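Please build the complex by placing chains B, C, D, E, F, G and H on the supplied structure of chain A, with the hints as guidance.
Residue numbers (the working numbering), protein chains in the order written: chain A, 125 to 226; chain B, 7 to 494; chain C, -6 to 227; chain D, 48 to 138; chain E, 2 to 175; chain F, 250 to 337; chain G, 475 to 971; chain H, 55 to 150.
These aren't lab readings, by the way, just hints derived from the structure by calculation.
Quantities reported herein were computed from a predicted structural model and do not represent experimental measurements.
The beta carbon of each residue, even a glycine, is placed where N, CA and C say it ideally should be.
Some hints here could point you the wrong way.
[Said to hold, decoys possible] Per the computed footprint, the stretches of chain A lying under chain F, defined by three or more beta-carbons under 8 Å from a beta-carbon of chain F, are:
#1 171 to 183
#2 194 to 206
[Unchecked claim] Per the computed footprint, the stretches of chain F lying under chain C, defined by three or more beta-carbons under 8 Å from a beta-carbon of chain C, are:
#3 292 to 304
#4 307 to 320
[Unchecked claim] With the C-beta cut set under 7 Å, the calculated list includes, among others, these residues of chain E facing chain H:
#5 Tyr24
#6 Glu38
#7 Leu112
#8 His146
Next come the chains, spelled out residue by residue.
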Amino acid sequence: MTSALLYVLAGALLCGGGLAGCLLVRHLLRRLLAFNLLGSGVFLLLVGLPAHRHGSDPVTHALVLTGIVVAVAATALALVLIRRYFHLTGRVSLPTGRQEDR
Amino acid sequence: MSSLLMAGLLFTPLAWAVLCLLLAFRAARLASVIGMLLQMALSLALWAWVAEQGGFFYHLGGWAPPLGIGLRVDGLAVTFVLLTALVGAACGLHAGLYLDPSRPWQRYFWPLFWMLWAGLNAVWLAGDLFNLYVGLELITLAAVGLVVLGGAAPALEAALRYLFAALIGSLAYLLGVALLYAEFGSLSLVGVGEGAGSASPAASFALLIMLFGLAVKAALFPGHTWLPPAHGIARAPVSALLSGLVVKAAFYVAARVWLELGPALEAAVVGVLLGVAGSAAVCWGSWQALRQPQLKLVVAWSSVAQIGYLFLLFPLSHGVPEAVSLQAQQGVTLQVISHALAKSAMFLAAGNLILSVRSKRVEALAGVSRYLPLSLFSFGLAGVSLMGMPPSGGFAAKWLLLQASLASGQWWWAAVLLVGGLLAAAYVFRIYRASFQEVEESDPFYHPPRSLEIIPLVLALLALGLGLVAEPVLSVLGLPFGGEVLSP
Amino acid sequence: MIERARQALLGAACLLFTVCLLWAVRHLVALPAEQQALSVLLSRWLPDSGVSHPVTAVLLNFRSYDTLLEIGVLVIAGMVGISLARTSALEDPAMRSADPLLHALLRLFLPLLVLLAGWLLWAGSSRPGGAFQAGALLAAAGVLGRLAGLPMAFLRPGTLLRAGLVLGFSVFLLIALLGALDGRAFLAYPPGLAGALILVIEAGLSLSIGMILLALFVSAPVAPEEDADGGPPA
Amino acid sequence: MTLPMALASFWLLTMLGLGLLRIWRGPSVADRMLAAQLFGTTGVALLLILAQSQAQSALRDVALALSLLSVLATVAFLTRVAGNPPGSTDD
Amino acid sequence: MSQERHRLLTIKPVPVEARDVLYRVLFAAFLWWVLSEGRADSWGFGVLMALLVTGISLGLFPPVGPRLRWRRLPGYLLWFAGRSLLAGVDVARRLLAPGLPLNPGRVTLDLDLPDGPPRWWLANSLSLLPGTLSVALHGQQIEVHTLDTRSDIAREVEEARRRVGVLYGEGTSP
Amino acid sequence: MTELWLDGLLVCALLATAAGALLSRDLFRAVVMFIAFGLLMSLAWVRLRAPDIALAEAIIGAGLSGVLFLDAVSHLRRRPAGGAAEDD
Amino acid sequence: MSGAWLPLATLATSLLASLIIFALPEHRHSIRTTVNILAATLKLALVAAMTWGVFQGRFYGISYEMLPGVRFVLRADAVAMLFAGLSALLWLFTTLYAVGYLEGSPNRSRFFGFFSLCVASTLGIALAGNLFTFFLFYEMLTLSTYPLVVHRGTPKALRAGRQYIIYTLGGGAVLLLGVVLLYQLEGDLAFRETGHLMGSDPARYPALIGIFALLVAGLGVKAALVPLHGWLPTAMVAPAPVSALLHAVAVVKAGAFGIVRVVYDIYGIDFAASLGVLEPLAWVAAFTVIYGSLRALWQSDLKRRLAFSTVSQIAYIVLGISLFGPLGTVGGLVHLLHQGIMKVTLFFCAGNYAETLGVHRVDELDGAGPRMPLTSLAFTVAAFGMIGIPPLAGFVTKWMLGRGALAADMAWVIPVLLLSSLLNALYFLPIVYRLWFRPLRGDWPAERALGRLETHALLLWPPVFTAVLTVLVGVLAAAPFSPLAWADLVALRMYLP
Amino acid sequence: MTEVLQVALLFLGCLFFGLGTLGLFRFPDTLTRIHALTKADNLGLGLIVLALLPGVTGWAVAVKILLVWVVALVASATSAHLVARALSAGEEAGSD
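Just chain A, same shape as in the assembly (with noise of 0.2 Å):
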């Protein structure tokens, strides 16, 4: 199954792209724009590599659903934070360089 193939093609790209915006992006949201996109290339992997392999396949869509709650749940959460530290300190990415003493 060629399409599934398309897929896993994307999927790589998304990591890659992801894993760059994860690791270059600054601003916070942008990052965590950046963390999700990497997660749908993970997924769109593991999902599409055995459909590529043997056709469609269960275990993958349970583990993928699985994976998304975490992500969702893991996102819902850096945006809690994110909010409260550019509310408490109007930044919204995090400061770079060596950290001065508190």
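Only chains B, C, D, E, F, G and H this time, still in chain A's reference frame:
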């Protein structure tokens, strides 16, 4: 019998998390003490069972792997379960006295604490790659929650750093799992290990990426930047839990995966790479610890350094004779245990010291040795283990690792071990030095209750005594990470 | 300057990662197709699982431990979310939109969303659907209601909210223990009751999941009067 | 019937792509939301077609959920973004 | 709680009658039947859900305003379908015409429909009818945006208003 | 063959939205792109014959997390209590 | 089996004492002192019992596997008893002295706790049955002495502590490397009376030489062999009992004792000689002897002068060890004891001068003799002993060493010994001269009312006793159980297996 | 026969979708674009629903599809209204 023990072990922390969420701080504290006792008893019983009867696989829900989830209850796993019970109980008891119950958010400490415990147990026992992922995430989120408890800006910043690093690490791990599953069609660690008979590029890449993710989660050198703020900003008992146990979980997974797959995939370069990163961590972490103005940051950076040692396992267990590999595994296991005990003791003691001197800075410790000898003593004893001085567990670990590195002909790791020990001594003695400074005035310190001071002392003594009983402990561990056939 | 170099390095690493990933994928897709062991097992065991939909069978029976822990993750996120909510009232009147058409929409959609959630919950045992989808739908309904300014008193941090957060989790946990006390393994269902118990678990879970996600959405805003102090000096 | 459906879904997908362009170009926030709305409707249509062509009735549930939730983003946008221009209503 | 709802609605809810409950239960049951695609085995749970949903719906949204005449619905729907087809064609016509014959603008019209569902029906329908888009409802007025101010918007709106009125029983009791 | 084209197009759109969400300078646009991405992911799951995930993704990706993000964006546009200016 | 508890009990005495003292609150002096003295006495008794047993050829030991393949071994052999006896005996005196010395000063709980811990480590070093166990206690000693060195908490003390720790931990690391390498190579670390490397594969000889260098370098730090001696003079800022402990009982002795163990019990003297490692060691020792004495000449601070004297004197022990043959061995071993007794006396006296008269510098000692006759007498006796005036302790050593050098065909050692004695005289005699024959320069800064005695009783009697011992071990060198006799016994067992 | 009708309806539906999208680009301002979208797209959806109706397996399913359409109608009418209202409330409010 063992089935009930396992059920209890898995059920208790989760159930207590629920219970404590519904109770107010003080009631939850009381409940937690009972829970800790129960958990300790269960862990001990299971440990004794495994020590006597040998390990076994526990099939959750009665479904066998690879479709079901099998827990692998071997010597190593139960030892870590016991260690978790020990350190967890100590940190919990300490936290119960240390945290200020008048703050409304402190009540959430208990449920998060129990969730963390549950996650740790899940990871130690897991025999399934995906289950490990979920367990790791459970740990991560609970840990982040504990760091951020209170929600002050620095805590938020640290928690966000930690959260992002950990999430990326988890996803990298999951990506590896996806690739492995695609290749071998199995999720159980053993199944994948059996499948990986020969070098396969995809599986090698999967291994690499998993190790990368786990290394970030375990705060290995270039990916360590999240650790010091997170462990430095959290409350002392939380830092103790995080440094003592949480980072070990990621390492533990990495080690298990590596030992299952590494030899088959001929991934020597990866091993050396991790070893180099570990060495860099030892040096850089120690150096930073030496320069930190704040006490807890010193301890946190020391964690970065100490974790570096763990990663020497990778080069020392690949392409070497069986005996050497075993030695390295034993050494690293001892290092994990002793560092868990020592570092949690150190954080708890540091917490007491900070409480007493009302400042986080190292200079503020002047005169502490005169008026608060006990906390300092605990701190010092823990430091002994970190330095790898005899008779501590840290020394035993260092000894075994030195032997392994010399026997494998990779003498450069021995140099790392020795230099690391000296650097550790440098930062530990820096604290002593500050605290031995005499002050003229009369006792300016707050004296924490004795019970707060006893807890780190007990942990430190355990870390110290571990070296003396290293052989018996190791003999229970059996083959630390080995894939021996276990009777069901 | 160093920052620039770091960025370049990281970018190159990501590029390398992508290339390697593609290369690994290329190897994987070239592998011969073979019978998937897990799928075979799944179809063989499915009749014993109490449900007829394989994904649900995997999620709530064969690999229910994953699901249990996963719900734990959600509960943690919810807990942390409400632990950060420093406001006594979780709704902000400023956010209200008193649009009559929105209200009209709500009148139709809210019941429909709940009903759909119920359907997905029930359908989960035989076709796609299940606790998480239903719970998320419930949460979406809640979010919609909240955006339109429906009162959400039950979302104030309090015993009710906390109990709601862990309701599904506790149900799951108790049923899990039941199996162990009965002499079987942890998380094993009594024979014959699997289907019913799974439905009970799923019902509880959807409620809790809905509540958790909603709580996370709701608890995010911070009121201005809240003190910025983080905690005791220690 | 398979081919027309496939063609139709192809076409709808193309429309989605064009909608994407609108999201990208904007120019106003409302335009973006509008395009997202288009996404919702088109997605529902696509799902319905796919449900038929792939014989997966569950996809109709997906379509229903999607059509119910497509309004969510708009409402959020209105109450949170458009309703609160920068600096106007401080929290 | 009820006070908040009042502020939101500005309409007094009418007392809940038995037939309101019945209608809603039946409607919910119907929806369940639709959702479950007629599966018989789902009814046990379905009845439960129908009752639950009715409870929620009655709790959150008590009936307001005049009641819908169900028998009038098909006629309205037919009309509506025709008009909305026309609306599509209208948009298409304007779109495809080379000169883009548009003359957008806003019109405010008086409205004497009773508050509550009738207005909602109207406003929502208007958005789907040719050339109109309801922008705001304030008091006795409705603000409509139109693609072409030159066309007879008022007539269009009046027609729709009449239809909705019928739907809510205006024509039956003179 | 059409199916393949369909999938190809979907994948392209998927990647385009992902790139949009990542690279967009305007945060709001990025979030809308992300919502679109969620919807496309849902379609992708459908194409991969994983309706369960499609359902979840439709509810989460196109519904909930979009709202969460929009909410956060709007929050981050307002002036914080902490005072400091945005550094983005 | 029956003998297992004795070494353990000996070790436990001071360990337990240390724990009890740590747990005691600061103000419970009397209990603390009682515990201290009880433990010291008990320990002395236990060591005496063991010594008697060892003399009769009984075996005391305990061994268990601590790490895979590595055992923790305590074993009382003749050499061990030599060192154990010394430390047990001097611990008693030093404790008494310290109780008097620190009266009324802060942090005594901490001080005595670590003091006992220090002695426990020393005993462990003495009783260690293999190099691994030795290393264990060797490092424990390092850690437990640090708080003693920085006890005063002044910047100077802290600096000294840092230097001390840098040197000793560095040495420890080198030693560890050596130990591990040795274990790697030979798989056996046990101390045997004739060494156990004799049968080693000749291909390993270069490696063994390297390991020897590592081991000696590691041990040489504590033994203060030049150029590794830098910490010792700086550490003089510590209180006098600590200095006494460092110089006479514990630290430097541990280093020297370690070299004894390595040369005799690991390599075996024959094998070491055949490897050719002894001669370089002798050269280093000889150089240290001269260098230390020369440096001592220029020190105006009394304790610093004594410190450099220690550098020089400890090298005698190493020198004796490096002389192949029973006589050299006896000389080295006996000096281990003699030097301890003499040096402890000197430090006690120096402490008394500092504590009672506030005198730290040599040129301030003018006329101190009449003011503190007993102390000064003790000092004089010990100083004469150091110089090697017969029949005092130092003479016995130097005599044996000289004979040993001749027997080992290393006659160049004789001039070294002579020169060193000369230098000893040059830096000790002026002090003695100043004590007795120079008039008092002004009033003593802080006159204290001390009743009948010239100083506190607990400060006075320990140096007097040890001074008497200095005389006795010299005069009664031939008596049974004298240090010399015991060293003979050791040498006998070593050379005639 | 139904087949032909279905295809025709499908085609028409697609056509309207295309028109909606075209409107998104051709119409000059946001409000007019709303018109185009709401009307054309919903009509398109309706036509496609009609096209699919003959292919379904039961009444309930048919009604379900119709329900989807109705829901989409209500949703898009309401959101059109909401967007329009927001735009008129503050013309520059949401623009960047």
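### Hints violated by the structure (numbers, ascending)
5 and 7
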